[in-house]
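Engineer: Sequence:
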Amino acid sequence: MSENPFDALGGAGGGGFDMNALLAQAQQLQSQMEDAQARLRAAQFPGESGGVKVQVSGAGELTSVQITPGTFDGSSTEDLEDLGDLLVAAYRDAKAKAEAEATAVMGPIAGGFPGLG
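If you read the sequence shown in UniProt numbering, its first letter stands for residue 1, the second for the next number, and so on.
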């Protein structure tokens, strides 16, 4: 009797289940996923609402905020509340773009893993 429990499944050269090929494919997909994740973390995604522009990293971190001069004078509570609302909306816009890009980049890679695609 063979000492390899996978021989019964038709291992290498047996015309069936090839564990080495499966492991090689998994390692290749893992490498592709790590590369894609690194590219996404380094990428910047813009968001905008009213006079507010932001940048968000692929990891969802807010990295930049720009407010158009003269848009807000801060003289009223309502003006400041509006600024807060625009900041949130601009962030959500950028975050949605980052998530859409992550889905587009990672989806085809995850499709190579059963149950993830």
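These are calculated hints, taken from the structure and not from any lab test. Watch out, some of these pointers could steer you wrong.
What the hints assert, rightly or not - Simulated restraints, written as ranges between beta carbons of each label pair: (1) 101 / 17: 44 to 54 angstroms; (2) 67 / 110: 34 to 44 angstroms; (3) 111 / 78: 45 to 55 angstroms; (4) 51 / 101: 17 to 27 angstroms; (5) 24 / 48: 15 to 25 angstroms; (6) 67 / 29: 24 to 34 angstroms; (7) 21 / 64: 19 to 29 angstroms; (8) 41 / 80: 31 to 41 angstroms; (9) 28 / 82: 42 to 52 angstroms; (10) 104 / 61: 15 to 25 angstroms; (11) 43 / 88: 13 to 23 angstroms.
Note that CB positions come from ideal geometry on N, CA and C, so glycine has one too.
Engineer: Taking the beta carbons of residue 51 and residue 101, is their distance inside 17 to 27 angstroms?
Structural biologist: 25 angstroms, holds
Engineer: Within 24 to 34 angstroms: is that where the Cβ-Cβ distance between residue 67 and residue 29 falls?
Structural biologist: For residue 67 and residue 29 the Cβ distance comes to about 43 angstroms; the hint is violated.
Engineer: Should the hint that residue 24 and residue 48 are 15 to 25 angstroms apart at their CB atoms be regarded as holding?
Structural biologist: Hint violated: Cβ distance 45 angstroms, outside 15 to 25 angstroms.
Engineer: Within 44 to 54 angstroms or not, the Cβ separation of residue 101 and residue 17?
Structural biologist: 36 angstroms, violated
Engineer: For the pair residue 41 and residue 80, does the Cβ-Cβ distance stay inside 31 to 41 angstroms?
Structural biologist: Taking Cβ atoms as reference, residue 41 and residue 80 lie about 33 angstroms apart, which means the hint holds.
Engineer: So does residue 111 sit 45 to 55 angstroms from residue 78, Cβ to Cβ?
Structural biologist: 49 angstroms, holds
Engineer: Mind checking the hinted window 34 to 44 angstroms against the Cβ distance between residue 67 and residue 110?
Structural biologist: Roughly 38 angstroms apart at Cβ, these two residues keep to the hinted range, so it holds.
Engineer: If I claimed the Cβ atoms of residue 28 and residue 82 lie 42 to 52 angstroms apart, would that claim hold in this structure?
Structural biologist: Once the Cβ atoms are compared, 50 angstroms apart, the range 42 to 52 angstroms for residue 82 and residue 28 holds.
Engineer: Mind checking the hinted window 13 to 23 angstroms against the Cβ distance between residue 43 and residue 88?
Structural biologist: 22 angstroms, holds
Engineer: Using the C-beta atoms of residue 21 and residue 64, is the stated range 19 to 29 angstroms upheld?
Structural biologist: About 46 angstroms separates the Cβ atoms of residue 21 and residue 64, which means 19 to 29 angstroms is violated.
Engineer: Return holds or violated for the Cβ distance of residue 104 and residue 61 against the range 15 to 25 angstroms.
Structural biologist: Distance hint for residue 104, residue 61 holds at roughly 20 angstroms.
Taken one by one, the earlier hints fail for this structure at numbers 1, 5, 6 and 7, listed in ascending order.
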